[in-house]
Amino acid sequence: MSTNSASPEAIATYLHNIRERVGQIVVGQDVVVERTIIALLTSGHLLLEGMPGLAKTLLVNTISKALHLDFSRVQFTIDLLPSDILGTEILDSKTGEFRTHRGPIFTNLLLTDEINRAAPKVQGALLEAMQERKVTLGSETFSLPTPFLVIATQNPIEQSGTFELPEAQLDRFMLCHRLDYPTIEEEEEILRRNMNLGVEKKGDGAVARTEFDLVTDDAVGTPQDLIDAMEATHNIHVSEVLLKHVVDIVERTRKHPELELGCSPRAGISLLKASRARALIHGRNYAIPEDLFALAEDVCLHRIRLSYEALAEGRTAKQVLQEILDASIS
Amino acid sequence: MNRLILLFIFLTFKAHCSDPTVQSSSPLGLPTTITDLYIPGAKVEPIPQKNREGSLVIRLLEIKPAADGFRYDLEVYGLDPGTHQLSAYLHYTNGDALSAFDSQIEITTRHPLDSLPPPEALKPNDPDRLGGYRLLILILSILWLLGFLIILLYRKKLPPPPAPPTPEPTLHEKLNRLVSSASKGDLPDNDRAQLERLIIGHWKQKLPNLQNLSPAKALIQLRTHPDASPLILKLEQWLHAPNPELTHKDILPLLEPYRANSKSQIEKP
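So the protein lines, in turn, are chains H and Z. In terms of the numbering used here, the first sequence has 81 at position 81, counting the first letter as 1, and numbering is strictly consecutive. Every position in the second sequence, counted from 1, becomes a number in the numbering used here once 1000 is added.
If we strip away everything but chain H, and leave its shape as in the complex, we get:
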């Protein structure tokens, strides 16, 4: 185990401050904030499934500002081209030479809205860059900034005119979290805060303020704090018994008769990494089964595929995974 320069208390405070800062802007969505931090600490990528208007963009924007990270957002559409994301070489008419124009992927936090609306070649280009963390433009290869995190969103209901991500590409996402609507209390708080936003005067005019105006540029920590937290995540102890738990869950998904496709080894790796990060966020220096079970759905559900017979019987992947997890403790 390598030594970590920052104390565990300092890291815990740093992570707590991030969540607190986000909580000042975004009401509820604690789990999404936690999952985003997990993805950030483990260099994974996050896929968010949820309806529009659940403050996904605001959340990512707030986190990026709180962490002093660059942030870009791309709305995926059918006519989007790989070069619109990755960048391209442009002929400079003044010099007569090609000039590299870097796309929005050259950032720390990239929010790709409605990833399933883009054509497969665009999805492929993005997912390849996510995996390799490099982009080749012309004959030159560029490394993406560090940290690099893609947070993709997709609408689970409206599927017409979309290109569903295949399992191999879904596997690139470390976590896939399904967003729920806020609770009644949270909804009331959202409305209450929104009512108090007021109007911002600009020059001779004025504009109604939005939640985005509340996002300030002052970060809760330094880039070094994030590096320390990432190192601390790596140093979280994982016992042999916890490894057995991970293997047991992964193995059960592969042997379940209603699943055509079980979890890949990458799923096991992701589950372990995410458990470490969750343990750190919860102030422990070792991962426990609670971390595994809390993250199992987000890590495993998008990686499994139901068999035809199970689909015909109206079963859902969530039901089957729940049965697998229940069976593992009985």
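No lab work stands behind these hints: they were computed from the structure. Note that the structure is predicted; figures quoted are calculated from it, not measured. Among the hints, a few may not be true.
To be verified - Below, simulated EDC-like cross-link-like pairs (lysine to aspartate or glutamate); rule was C-alpha separation at most 16 angstroms, straight line:
(1) Lys1217(Z) to Asp326(H)
(2) Lys121(H) to Glu97(H)
(3) Lys1174(Z) to Asp1191(Z)
(4) Lys1206(Z) to Asp218(H)
(5) Lys65(H) to Asp180(H)
(6) Lys244(H) to Asp1068(Z)
(7) Lys1064(Z) to Glu1045(Z)
(8) Lys202(H) to Asp213(H)
(9) Lys65(H) to Glu20(H)
(10) Lys1043(Z) to Asp1068(Z)
(11) Lys1043(Z) to Asp1073(Z)
(12) Lys1217(Z) to Glu297(H)
(13) Lys65(H) to Asp218(H)
(14) Lys1043(Z) to Asp1096(Z)
(15) Lys1217(Z) to Glu323(H)
(16) Lys318(H) to Glu258(H)
(17) Lys244(H) to Asp1189(Z)
(18) Lys65(H) to Asp213(H)
Stated by the list, open to error - From chain Z, some residues computed to sit far from chain H (all C-beta separations above 12 angstroms):
(19) Thr1032
(20) Asp1128
(21) Leu1136
(22) Ile1137
(23) Leu1152
(24) Ala1163
(25) Pro1167
(26) Pro1230
(27) Glu1236
Glycine included, every Cβ here is placed at the ideal spot set by N, Cα and C.
Using the hints provided, position chain Z relative to the given structure of chain H.
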């Protein structure tokens, strides 16, 4: 060809004119219909052919009464080229020949007469075996009956019914085994992992408000539950902490209530 058509029209015209001398033509092998052929006297009919040597085949299509005789519609097939007397192939119904009736038909062919290949001589084959069907049915019936009796008398004995499947050990039986092993201090990592999962499962089943929760949500509540948390938290420390202060000897007293011989005893940890 034109001449043949003209000749045919002429002959038809002649037939209609009730001339007893009838002349007609027909291509070889193809049917030709002669209508309203007047033949005086009693009814006539084609002479039955008893061999294959006849040059014409005549079918009587219709007989219409006429003065002193009948008009006939005939269909004629010419089998040999040349001119043939129709009267040679017809006779009165009483068997008398048509000696006074002169009618000719010319069977034409496009080929020179001497170039036509002779018809292939038919060689009728005798059927191999006729009859004996009843005997065959009898033999087959006997064979079927013998086979049926063999199946009845010497049928394969069915394998013995499979033993009833060994019932899956219950959660409490599994717990009992693992706790017993733990007390001896020989619990491998796999069994330790299973022990921990079963303890979680046991409490999830035991507490009614946790039964319908997911393992994740149930575990969060178990870690703060006054009855379950002492063991759950100590198990976590024992099994997962990097330098556990606890040993299996510290855990054993907590596990002891789970080493029971019956479910009822386990349910009172």
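Do the hints match the structure? See the list:
Restraint check: the Cα-Cα separation between Lys1217(Z) and Asp326(H) comes to about 12 angstroms, which is no more than 16 angstroms; the hinted pair holds. With a C-alpha separation of about 28 angstroms, the suggested pair Lys121(H) and Glu97(H) falls outside the 16 angstroms cut-off, and the hint is violated. Between Lys1174(Z) and Asp1191(Z) the CA atoms are separated by roughly 10 angstroms; this keeps the pair inside 16 angstroms, and the hint holds. Between Lys1206(Z) and Asp218(H), the direct Cα distance comes to roughly 50 angstroms. Violation of the 16 angstroms bound is thereby established for this hinted pair.
Distance hint between Lys65(H) and Asp180(H) is unfulfilled; the C-alpha atoms sit about 24 angstroms from each other, more than 16 angstroms. Our distance criterion of 16 angstroms between C-alpha atoms is broken by Lys244(H) and Asp1068(Z), whose separation comes to about 120 angstroms. Taking the CA atoms of Lys1064(Z) and Glu1045(Z), the gap is about 13 angstroms. The hint holds against a cut of 16 angstroms. As the CA atoms of Lys202(H) and Asp213(H) are separated by approximately 13 angstroms, the hinted pair is consistent with the 16 angstroms bound.
The hinted pair formed by Lys65(H) and Glu20(H) meets the criterion: a straight-line CA distance of about 13 angstroms does not exceed 16 angstroms. Taking the CA atoms of Lys1043(Z) and Asp1068(Z), the gap is about 10 angstroms. The hint holds against a cut of 16 angstroms. With a C-alpha separation of about 13 angstroms, the suggested pairing of Lys1043(Z) with Asp1073(Z) holds against the 16 angstroms cut-off. Taken as a hint, the Lys1217(Z) and Glu297(H) pair is honoured in the structure, with Cα atoms around 12 angstroms apart against an allowance of 16 angstroms.
Note on Lys65(H) and Asp218(H): the hinted pairing holds, with a Cα-Cα distance of about 7 angstroms set against a maximum of 16 angstroms. At roughly 11 angstroms between alpha-carbon atoms, Lys1043(Z) and Asp1096(Z) fall within 16 angstroms of each other, so this suggested pair holds. Only pairs whose Cα atoms come within 16 angstroms are accepted, and Lys1217(Z) paired with Glu323(H) is accepted, the gap being roughly 14 angstroms. For the hint pairing Lys318(H) with Glu258(H), the CA-to-CA distance comes to about 12 angstroms; that is within 16 angstroms, so the pair holds.
Only pairs whose Cα atoms come within 16 angstroms are accepted, and Lys244(H) paired with Asp1189(Z) is accepted, the gap being roughly 7 angstroms. Restraint check for Lys65(H) and Asp213(H): satisfied, since their Cα atoms lie roughly 12 angstroms apart, inside the 16 angstroms limit. Taking the minimum C-beta to C-beta distance to chain H, about 71 angstroms, the non-interface status of Thr1032(Z) holds against the 12 angstroms cut. Chain H leaves Asp1128(Z) outside its interface by the beta-carbon criterion, the shortest separation being 57 angstroms against a cut-off of 12 angstroms.
Under the 12 angstroms C-beta cut-off, the non-interface status given to Leu1136(Z) relative to chain H holds; the minimum distance is some 52 angstroms. At roughly 50 angstroms from the closest C-beta of chain H, the C-beta of Ile1137(Z) stays outside 12 angstroms, upholding its exclusion from the interface. Remark: the non-interface label on Leu1152(Z) is consistent with the geometry, its nearest Cβ contact in chain H lying 41 angstroms away (cut-off 12 angstroms). For Ala1163(Z), the shortest C-beta to C-beta distance to chain H comes to about 23 angstroms, beyond the 12 angstroms cut-off, and the non-interface label holds.
For Pro1167(Z), the condition that its CB be more than 12 angstroms from all CB atoms of chain H holds, with the nearest at approximately 14 angstroms. No Cβ of chain H comes within 12 angstroms of the Cβ of Pro1230(Z); the nearest lies about 15 angstroms off, and the non-interface call holds. Residue-level check failed: Glu1236(Z) sits 5 angstroms from the nearest beta carbon of chain H, not beyond 12 angstroms.
Checked against the numbered hints above, the structure breaks hints 2, 4, 5, 6 and 27 and satisfies the rest.
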